[in-house]
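> Using the sequences plus the hints, can you model the full thing?
Spelled out, the chains give:
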Amino acid sequence: VTVDAVIVGSGPGGSAVADVLTAAGWSVIILEKGRNHLLTEDGSLGSGFSNDELKFTRRHFLGPDPLLEPRSFRRSPADGDRLFVGEVNSVPTTVGGGGVHADGKTPRFREIDFALASELGGIDDATVADWPIGYDDLEPFYAEAERSIGVSGDASANPFAAWRSGPYPMPPGAPMYAGLITSAAAEQHGLHPYPAPTAANSVPYDGRPACNNCGFCSYYGCPIGAKGDPIGPLRRALATGRAELRPETFVTRVVVRNGRAEGVEIRLPDGTDEFVSARHVVLAAGAIETPRLALLSGLEHPMLGRNLMFHFQTFVLGHFAQRLHPHKGRSVTHVHDDAVLPVTGPDATGAGLPWFRGGLVEHAGPAHPIGEALIVPWGADHKDTMRRSDFRERLWGFIMQGEDLPQATNRVDLDPRIRDVHGLPVARITYAPHRHELVASAHHAAVMQRVLATAGADWSAVWTSPTPNGSDTTGSSSPIPISRHLMGTLRMGDDPTTSVCDRWGRWHGIENLVIADSSPFPTGAGYGPTLTLVALALRTARGLTGLVQ
Amino acid sequence: VPEFFTPAEYETCRAACARLIPTDDDPGADGAGVVEYIDGLLGAFSVQPPRIWAGGPTSGRFGGPKGFAEFMTLTPLEELGWRMRIEGSLGLAEREWNGPVVGWQQRYREGLSELGADFSTAALDEQDRRLHAVPDFTALLYEHACEGMYAAPEYGGNRELVGWQYIGFAGDVQPRGYSDAEVSEL
Chain R
1 VTVDAVIVGS GPGGSAVADV LTAAGWSVII LEKGRNHLLT EDGSLGSGFS NDELKFTRRH
61 FLGPDPLLEP RSFRRSPADG DRLFVGEVNS VPTTVGGGGV HADGKTPRFR EIDFALASEL
121 GGIDDATVAD WPIGYDDLEP FYAEAERSIG VSGDASANPF AAWRSGPYPM PPGAPMYAGL
181 ITSAAAEQHG LHPYPAPTAA NSVPYDGRPA CNNCGFCSYY GCPIGAKGDP IGPLRRALAT
241 GRAELRPETF VTRVVVRNGR AEGVEIRLPD GTDEFVSARH VVLAAGAIET PRLALLSGLE
301 HPMLGRNLMF HFQTFVLGHF AQRLHPHKGR SVTHVHDDAV LPVTGPDATG AGLPWFRGGL
361 VEHAGPAHPI GEALIVPWGA DHKDTMRRSD FRERLWGFIM QGEDLPQATN RVDLDPRIRD
421 VHGLPVARIT YAPHRHELVA SAHHAAVMQR VLATAGADWS AVWTSPTPNG SDTTGSSSPI
481 PISRHLMGTL RMGDDPTTSV CDRWGRWHGI ENLVIADSSP FPTGAGYGPT LTLVALALRT
541 ARGLTGLVQ
Chain G
550 VPEFFTPAEY ETCRAACARL IPTDDDPGAD GAGVVEYIDG LLGAFSVQPP RIWAGGPTSG
610 RFGGPKGFAE FMTLTPLEEL GWRMRIEGSL GLAEREWNGP VVGWQQRYRE GLSELGADFS
670 TAALDEQDRR LHAVPDFTAL LYEHACEGMY AAPEYGGNRE LVGWQYIGFA GDVQPRGYSD
730 AEVSEL
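One line per chain: the protein sequences are R and G, in this order.
For the first sequence, position 408 (counting from the first letter as 1) is numbered 408 according to this note's numbering, and the numbering increases by one without interruption.
Take the position in the second sequence, starting the count at 1, then add 549; the result is the number in this note's numbering.
Heads up, some of the hints might be wrong.
To give a feel for the contact side, a few chain G residues facing chain R, derived at Cβ under 7 Å [as the list claims (entries may be wrong)]: (1) A603; (2) M633; (3) T670; (4) L689; (5) Y691; (6) E696; (7) Q723; (8) Y727.
Hints are computed from structural coordinates only; laboratory data are not their basis.
Built from N, CA and C at the ideal position, the CB exists for glycine as well.
Right, here's the structure in full:
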């Protein structure tokens, strides 16, 4: 049996493709290496997601288990083969992928984000490039993506937003108390906070209930199905009867012969291997595992695995006299875009840069007690500190998702020695931030500290992930980025010598091998990649079915 | 009866956790049953399904089924990973493809031994001195003590919710959740 398409990965990208292809009458098989906790066979909710801090934040419930599927990390080849082996940027390996653990912030990119090289120009030692498509090409698919997964937001609230063809499908949900305080302070500083576009239902939507503000959102699967993880698209695809979802199935190789993908080799839960024959192969395993699979399959391109981007995260947290109950609500309800605007002039040139950009600033704080306790010292003062909750209920501030410039030296390749449980080489991450990120972080951190002082914080502290040149790979000054926003490793473009895939996500020279995750992003902007990768996957899928030319 | 510890190890571990999270006007690690939590983790595979992942979607504390009380079955690969973490690789080829893995059981056996057989009867400042003398083990013990103090009680600690009550944390609130007013107002 040869299916019309086999899709590697059941996250937001793969699910979007499955939805479009099955609606067009195609038969698809969705392969997912992790377990299915999202949906039962009849499409009803699984029962594994829960308000369980231990299971989700300490016990690898959503996978991967870093003992079974480690990654390795080094800052540069000067560190030798590797500096660290273990958990490096693990996006969940479970049905629903990265959509499951995120708190669902789903901003669009802006027009300029697709044309950075032509609008702002290049920067030394970075591979800044325009996308082969523009915002106008993607706008209809952004709108479709927002309807598909269900996004709540206020279309008029962000003065810096890109143009939109229509409103959000749902209004914003309940604003968090602490976010109201920092929003008011941000406005006093001339900033423009607005309700975070969020893939969590504010009203019943698509047969799923409204979010009930349980607070276990970021890092957790939603127990009531109110989150815009890919549950909607997966349900629709399965309901056609033309999609088969196969969890616990690990793809070991894409088979390509004579310039055509023929299918994939898979390892089943019982350890046996099989071949899945398909007319099209869609890779949607994320911007680390997709290039790893391509490398394991012997595919070659000089840019394959290069230009790996995260977001350079700047954390600015302040301590408040009153309790702010950050555990009530959907983790983040306020953001502002002011720091995504390019900074030029003396602030940039004084740092040796023509321009720099920060990123989306989320108003956020820590929510749960195990995480709090781990940063409270042990001993006689432990309980008084926990009672006051200096590091949870009285701590609140900002996380900036800073733009991370693409650099050819930041890359995914195969570790020469470390293997996964299947005996295959693991992904090795070689990564160090560009000076641009450090300059932007310091510039905007100072602004954020001033806002926190206005908001009433009696002290505030700044740290970043990664910590440049940090060598403590397991502590808070680690050079390993904790951002789960992964992008850029199979860059898209019109020139097959400088890009791996074309503007339709098709591998240059292998027309029926397409990429449908955030690997094709030429640049990463300062916004979480989920909505943009879903929009891009919808467009890529329409390219396959021939409905869009 | 402990599932993993010897009675002497159990007593040393209990006394050590009591220094990390002491009893004051409210129960500490002792009252929360933190040592039972740790013993239950190290002996997770002495029951089936193993005591790794509580079920869901709710505990029943705010309505809904008591799903947390039934632990989830692991796949063979998941079981391999958790046995490696808890038991170590034990010289087994199928656990050592990247080299030997030291498990928590061995780290506890060695760490508790280093604290000394007389630990639980030593003076409190002497107990603290010994804990500071083995920082790697104490760091592991503290991670697990925090889990046992503040995780859902189905995992064996946080007995009668004493870890959540003294900090005013409601815990797992599904399916009730919080009202919009509780989110937006003080």
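> I'd like to know which numbered hints this structure contradicts. Please list them from smallest to largest.
Violated: hints 3, 4.
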